[in-house]
Amino acid sequence: MKLTEVLEITGATCVAGEHLDTVEVNHAFASDLMSDVLAMSRPDTLLITGLTTPQTIRTAQMLDLPAILVVRGKDVPQDVADLARTTGIVLLATHEIMYVASGKLYARGLSG
Amino acid sequence: MPLEQSVEALRYLGLFSNLDASSVMSTAVHALHPEDRVAAARILMREKSISGVPIVDADFRLVGLISVSKIIEALADGRLADSVDSVMTRDVISLHAHDTFETILSCFQRFKFGRFPVVEEDGRLVGMITDTDVLSAIIRSFYSVYVHDQRRTMTLGSFSALSKEFENSADFVYGISCTGLENAGEGSARLKAFLQTKGFGESVVRRASVCAYEAEINVCIHAGGKGSLRAIARNGEIIVRVEDEGPGIENIDLAMKEGWSTATDAIRELGFGAGMGLANIRRFSDHLVIISGKDKPTKVEMIFLADKE
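So the sequence lines, in the order shown, correspond to chains A and B.
Quick note: the first sequence uses my numbering, first residue 17, plus one each step.
Quick note: the second sequence uses my numbering, first residue 53, plus one each step.
Derived from the structure by calculation, the hints contain no laboratory data.
Misleading hints may appear alongside valid ones.
What the hints assert, rightly or not - Some chain A residues judged to face chain B by a derived CB distance under 10 Å, without partners named:
1. Asp48
2. Gln71
3. Thr72
4. Thr103
5. Val116
The structure presented is a predicted model; accordingly, all values stated were derived computationally and were not measured.
Note that beta-carbon positions come from the ideal geometry of N, C-alpha and C, so glycine has one too.
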């Protein structure tokens, strides 16, 4: 699934990153616990989380995740957005809660 | 460490059924022939720091063994110029290449010798097993090894990668210094970038980075944010070592359990402290050694093999 579709499905906005139509994700993983995310270790995954610390970006960076979808309308601090930009990770944000955002993406074919 | 004590515990684990004598033994063996002089055995033992020399015939078949005590006897009797044949032990307790790990252990228990020659069916000498070889095999076969006390550090030091190499010639060095979790992950990010320049595959780099990151986070959460992250990346393997200044892990077995953590709620709110750190490190590393203890520094060493992928 292209990130442009993720935007459209979840009503998200793009906080950091560009060329969303060229970035594709094949799976998604939803959690606020970064160690749980790290346990998964699959590169072409969209991380869905409500955690907006620099460690969210670092976690994605370690796992080669292309993009993060921040849920629950959380504000993304500037330093976190900057870190996403520096590391080349696309950062999206939606007002949906994690359950709904995940459900909508799943229903449209983005598997776990 | 008294080998006999740990033997009892290990037996029940049944973890070492894949180990036979040929996979435990050292193959770099120094042997002498019966006609060599006792003096030669003495020199060999001194120079190679070994406590017993197997004696073989022209076809390398084991015919005897000469130990330090025999040398001392020969010295006292003024027989250093005599042939080894005249002083060696002839009824040598030896192991066969296919003997099980349990047989090896019971040999050490029953006979109290420091070393056992290993022979093929036809009696040809193929190796030697000392207690260090046994420990070394245990370390290799354990997916993870948790070492609590300093004595075992000394033993491990001789065959794990916990060597001076890290002090002298690490390929990557980063000083961890964080307050809270603020820049936790900076070192691992740099390590990842470094490893990517070294021609390793994506997957092994990812595994090493994830583990380094978890270990770095642990330093920040549990050890006041002060420590070091070092790596050696050569010959198809990545060795990562993360060290801190304490206060150490009181119960490593407990700390390895998924879901167990001593982290505060504040840390949990930051997405960590869910008790998955060490469990993740164990999952993604090929070999893991953790040395710690109450009020001690913690050293975590992880090895990642590129050819496993």
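Structure-based check of all given hints:
Given the 10 Å rule on beta carbons, the hint for Asp48(A) holds: about 6 Å separates it from the nearest Cβ of chain B. Contact between Gln71(A) and chain B, as hinted, is supported at the beta carbon level, the nearest pair being about 6 Å apart and thus within 10 Å. Hint status for Thr72(A) relative to chain B: holds, with the closest Cβ pair at about 7 Å, below 10 Å. Checking Thr103(A) against chain B: minimum C-beta separation of about 7 Å stays under 10 Å; hint holds.
A distance limit of 10 Å between C-beta atoms decides the matter here; for Val116(A) the minimum to chain B is near 21 Å, and the interface restraint is violated.
The earlier numbered hint that this structure contradicts is number 5, and it is the only one.
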